[in-house]
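Chains X and G, in that order, give the protein sequences. Mapping to this note's numbering: the first sequence position 5 is 5, numbers consecutive. Mapping to this note's numbering: the second sequence position 420 is 420, numbers consecutive.
Hints were generated in silico from the structure; no laboratory data involved. Some hints could be false.
Pulled a few chain X residues facing chain G out of the computed Cβ check, cut under 10 Å [claimed, not checked]: (1) Ile15; (2) Ile29; (3) Gly30; (4) Leu36; (5) Lys38; (6) Leu40; (7) Ile45; (8) Ala90; (9) Leu91; (10) Asn121; (11) Asp123; (12) Asn126.
A virtual CB, placed ideally from N, CA and C, is assigned to each residue, including glycine.
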Amino acid sequence: MMEFSEIFFKYKDLISIAVYGTAIMLIIIGLYGVLLKKHLVKIAIGLSIMDSGINLLFVAVGYIQNGTAPIFSPGHEGDVAKMVDPVPQALVLTAIVIGFAVTALALSLIIRLYKHHHTANIDQINSLKW
Amino acid sequence: MVISPVHYIVAPLLAAFAIALLAKIYKNAARLVPGIVLFYNIIVSLVLMPQVLEKGMISEVIAGWKAPWGINLVLTPFSAFLATSVSVIGFAIWLYGYKFKVRLKGGEVKYYEILQMMMIAGSLGVIITGDLFNMFVFIEIVGITAYSLTAFYRGRDGAEASFKYLLIGSLASTFLLLGILIIYTQTGTLNMAQIAERMPMVPQTMKITALIFFLIALGIEAEMFPMNGWAPDAYSQAPSPTSAVFAAVVSVAGVYALIRVTFTLFDVEGIHQYLIVMGFVTMLVAEISAVAQANLKRMLAYSSLGQMGLVLIAFGIGSHLAVFGAIFLMLNHAVIKALLFMSGSYFIYNSEDKRLVGLNGIHKRLPFVSAIFSIAAFAIVGFPPFSGFWSKFYILIAAGDKNMIILIIGILMVTIIELVYYLRTVARIYFYKDEVEHTEHRPSINAIISMSFMTLFIIVIGVYPDLISGYLHQAADSLLDKANYIQHILK
Numbered sequence: 001m002m003e004f005s006e007i008f009f010k011y012k013d014l015i016s017i018a019v020y021g022t023a024i025m026l027i028i029i030g031l032y033g034v035l036l037k038k039h040l041v042k043i044a045i046g047l048s049i050m051d052s053g054i055n056l057l058f059v060a061v062g063y064i065q066n067g068t069a070p071i072f073s074p075g076h077e078g079d080v081a082k083m084v085d086p087v088p089q090a091l092v093l094t095a096i097v098i099g100f101a102v103t104a105l106a107l108s109l110i111i112r113l114y115k116h117h118h119t120a121n122i123d124q125i126n127s128l129k130w
Numbered sequence: 001m002v003i004s005p006v007h008y009i010v011a012p013l014l015a016a017f018a019i020a021l022l023a024k025i026y027k028n029a030a031r032l033v034p035g036i037v038l039f040y041n042i043i044v045s046l047v048l049m050p051q052v053l054e055k056g057m058i059s060e061v062i063a064g065w066k067a068p069w070g071i072n073l074v075l076t077p078f079s080a081f082l083a084t085s086v087s088v089i090g091f092a093i094w095l096y097g098y099k100f101k102v103r104l105k106g107g108e109v110k111y112y113e114i115l116q117m118m119m120i121a122g123s124l125g126v127i128i129t130g131d132l133f134n135m136f137v138f139i140e141i142v143g144i145t146a147y148s149l150t151a152f153y154r155g156r157d158g159a160e161a162s163f164k165y166l167l168i169g170s171l172a173s174t175f176l177l178l179g180i181l182i183i184y185t186q187t188g189t190l191n192m193a194q195i196a197e198r199m200p201m202v203p204q205t206m207k208i209t210a211l212i213f214f215l216i217a218l219g220i221e222a223e224m225f226p227m228n229g230w231a232p233d234a235y236s237q238a239p240s241p242t243s244a245v246f247a248a249v250v251s252v253a254g255v256y257a258l259i260r261v262t263f264t265l266f267d268v269e270g271i272h273q274y275l276i277v278m279g280f281v282t283m284l285v286a287e288i289s290a291v292a293q294a295n296l297k298r299m300l301a302y303s304s305l306g307q308m309g310l311v312l313i314a315f316g317i318g319s320h321l322a323v324f325g326a327i328f329l330m331l332n333h334a335v336i337k338a339l340l341f342m343s344g345s346y347f348i349y350n351s352e353d354k355r356l357v358g359l360n361g362i363h364k365r366l367p368f369v370s371a372i373f374s375i376a377a378f379a380i381v382g383f384p385p386f387s388g389f390w391s392k393f394y395i396l397i398a399a400g401d402k403n404m405i406i407l408i409i410g411i412l413m414v415t416i417i418e419l420v421y422y423l424r425t426v427a428r429i430y431f432y433k434d435e436v437e438h439t440e441h442r443p444s445i446n447a448i449i450s451m452s453f454m455t456l457f458i459i460v461i462g463v464y465p466d467l468i469s470g471y472l473h474q475a476a477d478s479l480l481d482k483a484n485y486i487q488h489i490l491k
C-alpha cells in the first residue's frame with residue numbers, strides 16, 4: 001500500500017493539470033449558466049461559479065510544488081525560491097470580496113424583479129428593448 | 001499640508017463614508033458634503049496641474065514601497081487633464097442636482113450621495129492609477145455603484161436595466177481578470193510601466209490572447225460596439241444627474257482605461273486599425289439607433305455612444321493631431337452631453353412621460369432651458385461658434401493628413417444622421433404646437449447657474465480654443481511618449 005503522500009508526489013503533474021482543468025471547467029460552466037439559463041437565480045449562480053473558477057486559476061498560477069508559505073522566519077531565509085507567490089493570493093482576496101458584492105447586488109435585484117413581474121424567467125421580463 | 005494626487009481619490013472616498021455619519025448629526029450634510037469635496041478636488045487640480053505641466057509627470061508612491069513593488073499613482077498631463085475635467089464637471093452636476101435631491105425622500109438623499117461620490121472616486125481612481133490590478137478594483141467600484149444607481153428609482157424598469165448592466169459588467173470583470181492573469185504570468189508584474197517595459201519579451205500568442213480579453217472587458221466599459229447594449233437602458237433609467245455623470249465621468253474613465261491599456265501596455269500591430277473600424281461601427285450603429293428613439297434620454301444615450309465611437313476612431317488614427325482631437329472631443333462630450341442631460345431632464349419633469357412628443361412647443365413654458373438645450377445640441381453636432389466644432393474639425397484634419405478619405409466621408413455622413421435627430425428635437429421644441437395642459441416645474445436657481453456656467457464654457461472655448469489647446473497638446477504628447485512614461489516611473 002502506498003501512502004497518500006507518495007501517490008501525491010508520483011502524480012504531481014497530473015494534479016496540477018487537474019487544478020488548471022477544474023478552474024477552466026468552472027469558468028466554462030459559469031459562462032454556460034450566465035449565457036444560456038433562463039432563470040434569474042441560475043444566472044446569478046453562474047456568475048458566482050465563474051468567479052470561483054477565476055479565483056482558483058489565480059491561486060494555481062502562484063502555486064509551487066512543495067512550496068512554503070511566503071513568510072520570512074528565522075532559519076528559513078534561503079527558501080525564497082521555494083515560497084509560493086503571494087501576489088495572486090492577495091489579488092484573489094480582493095476578487096472574492098468584489099464577487100461577493102456583485103452577487104449580493106444581483107440577488108437583491110432579482111428579488112425586486114420578481115416582486116414586479118411575478119416571474120423569474122428572463123424571457124418574460126422584457127419591458128425595455130435591447 | 002502637501003497636496004498630492006492621492007487626494008483625488010481619498011477625498012471623495014472619505015466623504016462617501018463620512019456622509020452616512022454626518023447625516024445623522026445634521027440633516028443637510030448629505031447634500032452639502034459632496035459639493036465641498038468636489039470643490040476641494042478642483043483646488044487639488046489647480047495646484048497639481050502647473051506642477052504636472054512643468055515636470056511632465058508626477059508619480060506618487062503609496063505606503064512607502066517604490067514602484068514597481070508598491071502601488072503607484074501616476075499623474076501624466078493626459079490623466080491630470082481628465083481628472084481636472086471630471087472634478088469640475090462633477091462639481092457642476094452636484095450644483096445642478098442640489099435642489100433635485102430635495103424632492104427625494106429624506107433617507108434616500110443619503111444613499112444617492114454616497115453612491116454618487118463612490119462612483120466619482122472610482123472614476124478618478126481609474127484615471128490616475130499606475131497599477132493594472134488597482135485599475136480593475138476601481139473599475140469594479142464604478143461598476144457596482146453604477147448598477148445601484150441605475151436601480152435607484154424602485155420601479156421595475158430600473159431593476160431590469162440594472163440587472164442587464166450587472167450581467168454584462170460581471171462578464172467584463174471576468175475577462176479583465178483573465179487578461180490581468182495572463183499578463184501577470186508572462187511579465188511577473190502588475191505595474192503598468194514595468195509591464196510596458198517587459199512586453200516586447202512576451203510571446204506573440206500570449207500577447208494577442210491577453211489583448212483580446214482586455215479589448216472585450218474594457219470595450220464594455222468604454223461603450224464600444226457590440227457590447228454597449230447596457231448603456232441606453234442604464235442612462236435612461238438612472239436619475240437625471242446620474243445620467244449626466246455616466247456621460248461625463250464614467251464613459252471618460254472607460255475610454256481612458258481602454259486607451260491606456262492599448263497604447264501604453266501593448267505594442268501589437270493592427271490595434272489602430274481595429275480601433276478605427278470598431279469606432280466607426282459603434283458610431284454608425286449608435287447614431288442610426290438614435291434616430292429611431294422615441295424617448296429623449298435613450299436618444300441622448302445613443303448619441304453618447306456615437307461620440308465615444310468617434311473618440312475611438314480619433315485615437316485609432318494615432319497621429320499627434322488625432323490624439324489632440326480625441327482628448328478635445330472627450331472634454332467636449334463630457335461638458336456638452338452632461339448639459340444635454342441636465343436641460344433635457346427638465347423637459348422630462350414637465351411632460352407626462354419621457355417621450356419626445358412631450359417636447360412639443362415647450363419653449364413657451366421653459367424658454368431658458370430650451371435655449372440651453374438647443375445650444376448644446378448644435379454644439380455636439382459641431383456647428384462653428386461652439387467648442388464641438390473644433391474637436392470634430394481637428395479629427396477630420398488628422399484623418400486627411402493620413403489620406404483616409406473614406407473615413408472622412410463616413411464621419412461626415414454620420415454627422416448628417418446626427419444632425420437629423422438633433423434638429424428634429426430642436427424643431428419640436430420651437431415650432432410644434434403644444435396641445436396638452438401640463439404641470440410646470442421651473443428650473444431652480446442653482447440649476448440655472450450650473451447650466452449657464454457650462455454653456456459659457458462651450459461658447460468661450462468655441463471662440464478661443466487656444467485657451468486650452470496648450471494643455472491638450474501636452475496631454476497628447478504624454479500619451480504618445482511611451483518611453484518617457486516607463487522611464488519616469490522606474491527610474
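Run the structure past the numbered hints and jot down the numbers of the failing ones, going up.
-> 1, 2, 4, 5, 7, 10 and 11
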